[in-house]
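Engineer: Here are the chains, one letter per residue:
Protein chains: 2
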Amino acid sequence: MDISKYFTKSELVPAVVQEQGSGEILMLAYMNAESLQKTLETGQTWFYSRSRQELWNKGATSGHVQAVVSITPDCDDDALLVRVVQTGPACHTGNKTCFYREGGVYAAAEGMPKGDL
Amino acid sequence: MDISKYFTKSELVPAVVQEQGSGEILMLAYMNAESLQKTLETGQTWFYSRSRQELWNKGATSGHVQAVVSITPDCDDDALLVRVVQTGPACHTGNKTCFYREGGVYAAAEGMPKGDL
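Top to bottom, those sequences are chains A and B. The working numbering applies: residue 792 is where the first sequence begins, and numbers increase by one. The working numbering applies: residue 792 is where the second sequence begins, and numbers increase by one.
Honestly, the hints are just simulated from the structure, not real lab data. Each hint should be verified, as a subset may be incorrect.
As the list claims (entries may be wrong) - So the derived label-pair ranges between C-beta atoms look like this:
| no. | chain 1 | residue 1 | chain 2 | residue 2 | range |
| --- | --- | --- | --- | --- | --- |
| 1 | B | A851 | A | V876 | 33 to 41 Å |
| 2 | B | Q844 | A | S853 | 20 to 28 Å |
| 3 | B | E893 | A | D793 | 18 to 26 Å |
| 4 | A | N848 | B | Q811 | 18 to 26 Å |
Said to hold, decoys possible - With the Cβ distance kept under 10 Å, some of the chain A side facing chain B (calculated, not the full set):
| no. | residue |
| --- | --- |
| 5 | E802 |
| 6 | V807 |
| 7 | S813 |
| 8 | E815 |
| 9 | A820 |
| 10 | P864 |
| 11 | G895 |
| 12 | Y897 |
Stated by the list, open to error - Over 12 Å on every C-beta distance to chain A, these chain B residues come out as not near it, computed from the model:
| no. | residue |
| --- | --- |
| 13 | Q811 |
| 14 | Y897 |
| 15 | A898 |
Quick reminder that beta carbons are idealized off the backbone N, C-alpha and C, glycines included.
Produce the entire structure from the sequences given, and follow the hints as far as they go.
Structural biologist: Take a look at the structure:
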């Protein structure tokens, strides 16, 4: 399979990780071609760390791995939706999802932006 | 509210747009500080187009606007989860979501990667 088309605009593609079943968004990370290839080969998520400039296998140290159910490109092939079965919490803070500060920037129900969290 | 902390690593932050209720991921786009500010002020999504290098109000021409329910930052403030009520299809192709090619890169249920779509 040719995966190069996902890396024509940029060497990195944002990957939205969604929990299979619940539909919860667990995290967003970046893949380069090598990490996508490793993800396809292993069935677990591999990403590229922009700060450390290296590949990382999610859960390699914590044990909180993600088993890949499906990977879906968006309409113009520059973002990926990765559905997974998550072992343990996805976030390094111990929260289930990295987006645990619900409405932390804005929550319409309250009629106005919330303060910083 | 100080939104500058979302733009310290990069001038652009990826925004995952999720439909309120269904939990479906509709699209991924980028916000700069100005587009996030406009989103907060108007209650509709504004993004920054990397290709056109300009702000765009989602649905301004199609009428398929997104009313913002909440905006949640991730654990390290470099990604945003935007929950919306979507009018019409989110994708310019006419599909409900930009991620309409289900399992287009990989689908574990079939035991091996699918071909290109």
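Engineer: Give a verdict on every hint.
Structural biologist: Each hint tested on the structure:
1. The hint said 33 to 41 Å for the Cβ distance between A851 (chain B) and V876 (chain A), and at roughly 39 Å that hint holds.
2. Under the hint 20 to 28 Å, the C-beta atoms of Q844 (chain B) and S853 (chain A), about 39 Å apart, miss the expected range.
3. In this structure the supplied range 18 to 26 Å holds for E893 (chain B) paired with D793 (chain A), their Cβ-Cβ distance being about 19 Å.
4. Between N848 (chain A) and Q811 (chain B) the beta carbon distance is about 33 Å. The supplied range of 18 to 26 Å is therefore violated.
5. Contact between E802 (chain A) and chain B, as hinted, is not supported at the beta carbon level, the nearest pair being about 14 Å apart and thus beyond 10 Å.
6. Look at V807 (chain A): its Cβ gets to within about 5 Å of chain B, closer than 10 Å, so that hint holds up.
7. Taking 10 Å as the C-beta cut-off, the interface hint given for S813 (chain A) holds, the closest approach to chain B being about 8 Å.
8. The beta carbon of E815 (chain A) comes within 7 Å of a beta carbon in chain B, closer than 10 Å, and the hint placing it at the interface holds.
9. Because the beta carbon of A820 (chain A) sits about 9 Å from the nearest beta carbon in chain B, less than 10 Å, this interface hint is met.
10. About 5 Å separates the beta-carbon of P864 (chain A) from the nearest beta-carbon of chain B, less than 10 Å, and the hint is met.
11. Given hint, G895 (chain A) at the interface with chain B, holds; its Cβ is 5 Å from that chain's nearest Cβ, closer than 10 Å.
12. Annotation: Y897 (chain A) was flagged as interfacial toward chain B, and the flag holds, the nearest CB pair being 4 Å apart, inside 10 Å.
13. Annotated as non-interface, Q811 (chain B) brings its C-beta within 12 Å of a C-beta of chain A; the closest such distance is 10 Å.
14. The beta carbon of Y897 (chain B) sits about 4 Å from the closest Cβ of chain A, which is not more than 12 Å, so the claim that it is off the interface is violated.
15. Distance check for A898 (chain B) against chain A: the nearest CB is about 5 Å away, which does not clear 12 Å, and the non-interface claim fails.
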